[in-house]
Amino acid sequence: MSESNAVIRVEGIRKTYLMGKTEVHALQGVDFTVEQGELVAIMGASGSGKSTLMNIIGGLDYPSSGSYFLDGIEVNKLSKNELADVRNQKIGFVFQGFNLLARTSAIENTELPLLYDRKNRFKNHREAARKALERVGLGDRVDHHPNELSGGQQQRVAIARALVTTPSIVLADEPTGNLDSKTTVEVMQLFQELNAEGVTIILVTHEDEVARYARRVVELRDGQIIKDVIQQPDSAADDVRDLLARRKAAQDLEAEALAGDAATTNQGTLDAG
Amino acid sequence: MRAFRLIKVAGKSIVKNKMRTLLTMLGIIIGVGAVIIMVAIGEGAQSQIEEQIQNLGTNMLVITPGAATTSGASQGAMSFNRLRSEDADKIRNESVYAAGVSEVIFTRTQIVGGNGNWRSTIHGVTTDYPVIRDWDLRSGRFFDASEERTGKKVIVLGATIADNLFPDRDPVGERVLVRNVPMDVIGVLEMKGQTPDGNDQDDVALAPVQTVQRRLSNWTFIRQILVNTYSPDDIDEAQEELKAIMREAHGLADWAPDDFEIRNQEQLSEAAQGTTEVMTALLAAIASISLLVGGIGIMNIMLVSVTERTREIGIRMAIGARGGDVLTQFLIESIVMSILGGALGIALGVGGSSLLGSSMGWATAVNTETVVVAIVFSAAVGIFFGFYPARKAAALNPIDALRFE
Ligand SMILES: Nc1ncnc2c1ncn2[C@@H]1O[C@H](COP(=O)(O)OP(=O)(O)OP(=O)(O)O)[C@@H](O)[C@H]1O
Ligand SMILES: [Mg+2]
Chain E
808 MSESNAVIRV EGIRKTYLMG KTEVHALQGV DFTVEQGELV AIMGASGSGK STLMNIIGGL
868 DYPSSGSYFL DGIEVNKLSK NELADVRNQK IGFVFQGFNL LARTSAIENT ELPLLYDRKN
928 RFKNHREAAR KALERVGLGD RVDHHPNELS GGQQQRVAIA RALVTTPSIV LADEPTGNLD
988 SKTTVEVMQL FQELNAEGVT IILVTHEDEV ARYARRVVEL RDGQIIKDVI QQPDSAADDV
1048 RDLLARRKAA QDLEAEALAG DAATTNQGTL DAG
Chain S
214 MRAFRLIKVA GKSIVKNKMR TLLTMLGIII GVGAVIIMVA IGEGAQSQIE EQIQNLGTNM
274 LVITPGAATT SGASQGAMSF NRLRSEDADK IRNESVYAAG VSEVIFTRTQ IVGGNGNWRS
334 TIHGVTTDYP VIRDWDLRSG RFFDASEERT GKKVIVLGAT IADNLFPDRD PVGERVLVRN
394 VPMDVIGVLE MKGQTPDGND QDDVALAPVQ TVQRRLSNWT FIRQILVNTY SPDDIDEAQE
454 ELKAIMREAH GLADWAPDDF EIRNQEQLSE AAQGTTEVMT ALLAAIASIS LLVGGIGIMN
514 IMLVSVTERT REIGIRMAIG ARGGDVLTQF LIESIVMSIL GGALGIALGV GGSSLLGSSM
574 GWATAVNTET VVVAIVFSAA VGIFFGFYPA RKAAALNPID ALRFE
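Protein chains in written order, with our numbering: chain E, 808 to 1080; chain S, 214 to 618.
Treat the hints with care, as some may be off.
Lysine-lysine pairs mimicking DSS-like chemistry, simulated, CA-CA at most 27 Å apart [stated by the list, open to error]:
#1 Lys-930/E <-> Lys-221/S
#2 Lys-221/S <-> Lys-926/E
#3 Lys-225/S <-> Lys-930/E
FYI, nobody ran anything at the bench for these hints, they're computed from the structure.
Same shape as in the complex, but just chain E (with noise of 0.2 Å):
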């Protein structure tokens, strides 16, 4: 691949948190690239430095030194005004709790990105959030507000959140952090389909359970990377239809031995008779 496929160019960054009068070295020299097309999953023990990068790739907070390039252009050059369009525009951000508004419905939750595009790509705000929020399936939900959702619901209305904008890259912060495994593997699913439509998505997780989806694994270790390798990844439909498959043989079986008990008991009846 070429040098002009890079999405995402990180160069040395290091990453310097002063508290009081000792030094935290989050990061200590990153260089990092990721092509168009991706799916990155960065793993690594907490306080690694995972979140503190992925808050500069997103244009959150600037790196104490080097540099880092999002389609070609400098990020870490840019005014505020210039990020706060870089994070509108290019960039969907999946963050580690939901942060989602509370009192504000899944719709308007969504909807919020298109609030501060000044491009105006959308006409219709309602029309286009809840299009995504059709697209993680929850067409059904778009009154609810956070805390009448499931962790997975609200999890997927970030996503929604991060998507309606069509942006190029997607980045999630733990997006399975809070949810059980059968959500895991659903919201997986879902990255994968977006993956596969072409939207290149990095995020951050301590489970090889969830890295196993991804083709590509880098590993921090204390605020360095220490392993970065590509992988055959396994699809997570499949794992969800398995998955889907072994709890219906499972229900199968139990409706099965619940008949079973009851002829049983019929046959004993008749003996009795």
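Mind docking chain S with the ligands on chain E? Use the hints.
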């Protein structure tokens, strides 16, 4: 379109936090309401005073002993009393504009009769007096020219005296004692109410000037000469003419200042109006302070809400809101709240002042000027006090705002 959407967002946030909104607006509501009520009371008092001055009698001129100013220093109205019956006679004989002329002398004394006694003021006047003052009788009659000339011991009571000394009957035909002089009550005046400065005009008794001078008081100087003209249009000319007559009567040289003062209705009311204008301004100033306090209340709540909503600001910025968008949102919120509060305050003010007007019997007048000023002021309060918290919100870093607990 974007502005409209931002207004909608602000509107939603206002509706979603009803309690917060109400508390924020309360200061403005009370402030604007107070300003309107206070100004209405002040203006009502003013128009009432104007009406009362009109009531003094139309076409009237009042001559009083002058505050003769020598070398610029006033020596006080009574320091140089030179009004006499001769002056009044000269006006009667020479003036073309004067329709009626009446000397007025006062004496303060006890009136005994009927139920007991009553301390009041007796005015010595002439037969022209009720016409000049436009003052009718409730019962009985006024004294006539011959009674006046001969100084008959007759008296006409004001409504307050009549009602206090003779609460159960018409005093006409009764006899009262004034300084041990028995006087026949021949009439009772109609109720006239209070003067602009709060004196009871009905707490007075009228007797022929001759009678008062000869039998009740040895004070022969005259306190006032009242003159009325045939028509209100003559007032200015009459004033000039009376001035000339008075100067001649007093034998004043050309260089000498007037030793008397002639004032018409307008000049009388100016003094009274001056005081009520001061009162209105004072009331408005006090009420404005409450409006200011209301504004500070808005700032307070907006500041708290910036802190409370730091996460919301972080989320909005993370998905692409610029600092300016956040600033606009918060500013619109505070402006909408203060204008809404202003509108409710106007309703409170208009309702409150008409309620006060009807229940307390005060004349209150809401004028549109105050209402417009109140609206503009509350919008200004919203911008002024909303700006600082809004800027604080806009200056937040998205990542810091998101991390805020
Ligand atoms: N605002 C901050 N101020 C000071 N130190 C910080 C700040 N943010 C992060 N750090 C420190 O930087 C390091 C990396 O933090 P980061 O949030 O990137 O970790 P992470 O890999 O995302 O961890 P987790 O898996 O728990 O989310 C940690 O040691 C953390 O304490
Ligand atoms: Mg993290």
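Can you name, in rising order, the numbers of the hints this structure does not satisfy?
-> Of the numbered hints, all hold.
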